[in-house]
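Based on the sequences and whatever the hints tell you, model everything.
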Amino acid sequence: DAKTTQPPSMDCAEGRAANLPCNHSTISGNEYVYWYRQIHSQGPQYIIHGLKNNETNEMASLIITEDRKSSTLILPHATLRDTAVYYCIVRTLSTGNQFYFGTGTSLTVIP
Amino acid sequence: DARVTQTPRHKVTEMGQEVTMRCQPILGHNTVFWYRQTMMQGLELLAYFRNRAPLDDSGMPKDRFSAEMPDATLATLKIQPSEPRDSAVYFCASGPPSETQYFGPGTRLLVL
Numbered sequence: 056d057a058k059t060t061q062p063p064s065m066d067c068a069e070g071r072a073a074n075l076p077c078n079h080s081t082i083s084g085n086e087y088v089y090w091y092r093q094i095h096s097q098g099p100q101y102i103i104h105g106l107k108n109n110e111t112n113e114m115a116s117l118i119i120t121e122d123r124k125s126s127t128l129i130l131p132h133a134t135l136r137d138t139a140v141y142y143c144i145v146r147t148l149s150t151g152n153q154f155y156f157g158t159g160t161s162l163t164v165i166p
Numbered sequence: 493d494a495r496v497t498q499t500p501r502h503k504v505t506e507m508g509q510e511v512t513m514r515c516q517p518i519l520g521h522n523t524v525f526w527y528r529q530t531m532m533q534g535l536e537l538l539a540y541f542r543n544r545a546p547l548d549d550s551g552m553p554k555d556r557f558s559a560e561m562p563d564a565t566l567a568t569l570k571i572q573p574s575e576p577r578d579s580a581v582y583f584c585a586s587g588p589p590s591e592t593q594y595f596g597p598g599t600r601l602l603v604l
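Residue numbers (my numbering), protein chains in the order written: chain A, 56 to 166; chain B, 493 to 604.
The hints are simulated quantities; they were obtained by calculation from the structure and are not laboratory data. All the pointers check out, no bait thrown in.
Chain A stretches covered by chain B per the calculated footprint, using a threshold of three residues with CB under 8 Å from any CB of chain B: (1) 100–112; (2) 156–162.
A short, non-exhaustive set of chain B residues, derived as facing chain A with CB atoms under 8 Å: (3) Gly534; (4) Leu535; (5) Thr592; (6) Tyr594; (7) Phe595; (8) Gly596; (9) Gly598.
All of these numbers come straight from a predicted model, not from anything done at the bench. Positions of the beta carbon are idealized from the N, C-alpha and C atoms, including for glycine.
Here's what the structure looks like:
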């Protein structure tokens, strides 16, 4: 699976949009971009995933560049409960294929 | 709201004791994963199963760790004998084939 690069930490004001970037310049054509987050002392939580098109769900939006070498996770209205470590992962959908969690981005939402 | 459950949530034991951690995957999921998380190493995959058969356990120390799925509703991870370096949070995750993994709350293990 391709490697990802994320900033180690970010701050965001409560109520504002949080934009978390991820670089995956070696991504291959059949690799999806997944985002998980881990709130302190909890298990990782699935947020969203996509292949080529932008995706949106009730939690977030995923914007993937046309060349697919980078993506941005957008939390439209960050709350204090969004403070967590956010992991960007690229993987193929082979059966049983594991997720490689890097170090992620530690997002702090500030009141 | 279907969730992965793990027991116990916390475990304190002494070095040399056997530790058994249990996981109940989400009904209908046929892949199960065991991860370990420490401050130093982050999240590491220990083993995973598909349809109860082990597909990869290369991440596990073979001499002391073992993982099994006695049936579709139960996965176990055993450490015998336990050592202080095994202290970590152990997560179980389940998922349908080729799709998203859903994680349990974890078992926090402290080996004294």
